[in-house]
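Enquirer: Sequence order for the protein chains is G and Z. So the first sequence is numbered by my numbering: it starts at 164 and just counts up by one. So the second sequence is numbered by my numbering: it starts at 164 and just counts up by one.
These aren't lab readings, by the way, just hints derived from the structure by calculation. Don't take every hint at face value.
[Said to hold, decoys possible] DSBU-like mimics (lysine-lysine), calculated; alpha carbons at most 30 Å apart, straight line:
(1) G/K206 x G/K328
(2) G/K440 x Z/K440
(3) Z/K440 x G/K469
(4) G/K189 x G/K298
(5) Z/K469 x G/K440
The model shown is predicted, which means the values in this text are computed figures rather than measured ones.
There are 2 protein chains.
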Amino acid sequence: MIETPYLLFLGDAPDQLAAKVAVGIKDWRPENAVGQYRMDGCKADLGLADMTLTEAKEAGAKTLVIGVANRGGVISQEWKKVLVMALEEGFDLASGLHNLLRDEPDLVAVAEATGQKLHDVRVPEIEYPIANGIKRKGKRCLAVGTDCSVGKMYTAMAIDAEMRKRGMKSTFRATGQTGILITGDGVPLDAVIADFMAGSIEWLTPDNDEDHWDLIEGQGSLFHVSYSGVTMALIHGGQPDALILSHEPTREHMRGLPTYQQPSLETLRDTALALAKVANPDCQVVGVSVNTQHMSEEDAVAYLAKIEADMGLPATDPFRFGSGKLVDALAAM
Amino acid sequence: MIETPYLLFLGDAPDQLAAKVAVGIKDWRPENAVGQYRMDGCKADLGLADMTLTEAKEAGAKTLVIGVANRGGVISQEWKKVLVMALEEGFDLASGLHNLLRDEPDLVAVAEATGQKLHDVRVPEIEYPIANGIKRKGKRCLAVGTDCSVGKMYTAMAIDAEMRKRGMKSTFRATGQTGILITGDGVPLDAVIADFMAGSIEWLTPDNDEDHWDLIEGQGSLFHVSYSGVTMALIHGGQPDALILSHEPTREHMRGLPTYQQPSLETLRDTALALAKVANPDCQVVGVSVNTQHMSEEDAVAYLAKIEADMGLPATDPFRFGSGKLVDALAAM
Chain G
164 MIETPYLLFL GDAPDQLAAK VAVGIKDWRP ENAVGQYRMD GCKADLGLAD MTLTEAKEAG
224 AKTLVIGVAN RGGVISQEWK KVLVMALEEG FDLASGLHNL LRDEPDLVAV AEATGQKLHD
284 VRVPEIEYPI ANGIKRKGKR CLAVGTDCSV GKMYTAMAID AEMRKRGMKS TFRATGQTGI
344 LITGDGVPLD AVIADFMAGS IEWLTPDNDE DHWDLIEGQG SLFHVSYSGV TMALIHGGQP
404 DALILSHEPT REHMRGLPTY QQPSLETLRD TALALAKVAN PDCQVVGVSV NTQHMSEEDA
464 VAYLAKIEAD MGLPATDPFR FGSGKLVDAL AAM
Chain Z
164 MIETPYLLFL GDAPDQLAAK VAVGIKDWRP ENAVGQYRMD GCKADLGLAD MTLTEAKEAG
224 AKTLVIGVAN RGGVISQEWK KVLVMALEEG FDLASGLHNL LRDEPDLVAV AEATGQKLHD
284 VRVPEIEYPI ANGIKRKGKR CLAVGTDCSV GKMYTAMAID AEMRKRGMKS TFRATGQTGI
344 LITGDGVPLD AVIADFMAGS IEWLTPDNDE DHWDLIEGQG SLFHVSYSGV TMALIHGGQP
404 DALILSHEPT REHMRGLPTY QQPSLETLRD TALALAKVAN PDCQVVGVSV NTQHMSEEDA
464 VAYLAKIEAD MGLPATDPFR FGSGKLVDAL AAM
């Protein structure tokens, strides 16, 4: 559990894209971000107040979150100065970088001396149980994709936001680095030991109020041979009541697998639902979420209408057209 | 890679069952076992020559394999004396125990001083790649089960043995602790990090002769919610050409999951084949392997005949009736 709120460290980001973790935090949990810290030459800007460490501390920030990718996988000396100073000022540090904070002896030494914490969200911080498959109270929704990186996290975030707006009870459950940094908590599923994958998701989505929704961040795809085991563990560990099908229609092949094609939405529906029913016989497919960013608005609208007609399910691009239809479908269950 | 042949350490095993790893080595790779080492009070006996460390060394043994479960998860002082002496005599040590050899400071110190190796087969020894899904040469067969522990390893071992007997090219590919100790090599799949599961199986079953069969040891079940992700990774990483369905008909519920029932063989067939075709569109289900140990011979014969009639697939209990039918089906592909 990472202490919030955050000061978002943008370092010397060469462009806005390099700061996409920080952008995600600001978009989805603005209340977690008291300000931004930019070094000389930083080309990213979240539109938040620029703060010194002292100003952020006074504004209540508890953790400096590295919201930017670093160059070449090395934590530079320029960054180090800021990070060490932040520890000295009483901040914890949190990072999703491939190279870990805990592998930097100077940061470890200063963190120990100051009693501050180093959070590397790529590494599980607890020992998860083996899944027991026992039915849990409360409702759970999982987005499953025709491919990796088709908008599953965004879909869950958007549904969670809309549910909160409507006064429904909901929690976004992060299963990846970005999601964990955005919300401050979660399971870095791709780094969990095989035997404990499903158990980690049971742990992440415990018993809850009968009318509470867990919006579980999806990972991988049942049809992506590199990561399908991770997706399978999410489906059985999450024991979802509702599945959302996620799709990106303009891909020419599966991400990173040039000889593999995406399945149809119908194939995804039938495959995922049959497997989900093993853990939850009442599971239903309730809607379709399409990432239409590479389509004109006209094409996107027509594409969504065709899916609705063909499949009899509400279909939307939650980023472009909102997640209301999906929340309607979930609320009706 | 564990150096063979072995001296099998039976310690102070309270009964034959406690030595089941050693029994597996002796049954499946007798050429790997030069003898057995039994301590005072040992109640297990493999029928191999009892040897001192010196005698085993002279007979060519390279590794002392702990072929017995220890009591209470502690490596006792009595065992330690033998293990330390074995290192001093020039043996490597190999173990599938939960408590690791590498966590015993005295063993680590002696291993370093003598230049001998400690193999904990529960822990991956190499960094596996992410799966790339590229089609590999050679043939691969995987047993998939209606449940965990229904005889998938035994089935693969028996097919491998029969293929060798017939002069076919084949290799058993171990994916669990017992299999790794038996053959000296493999991937401890349940201990691999989620993102690398499928890649570890690609690594384990590389390009081979077109007429060579990899018999891949199955794990878990697509229908066992605790471990289904591991099974999924095997199906996509292994890209099998042939699936064998494995079943134990007398189970009252899924192993360790009292509220879950085994699927039918037909459901297993349809589910596993559809998923396997993602990685290998030519994959076929070629036979059924039934563990009939809790059935009379008459009942077993009738049960197998019924499966053959209902499903149109050869069905056998490879332990009781041999694996010939399954090898016939694979050879005909």
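Enquirer: All the hints need checking, so say for each whether the structure fits it.
Expert: Going through the hints against the structure:
1. G/K206 x G/K328: violated (33 Å)
2. G/K440 x Z/K440: holds (21 Å)
3. Z/K440 x G/K469: holds (28 Å)
4. G/K189 x G/K298: Given pair G/K189, G/K298 is violated - Cα atoms ~35 Å apart, limit 30 Å.
5. Z/K469 x G/K440: Answer holds: Z/K469 to G/K440 is near 28 Å, not above 30 Å.
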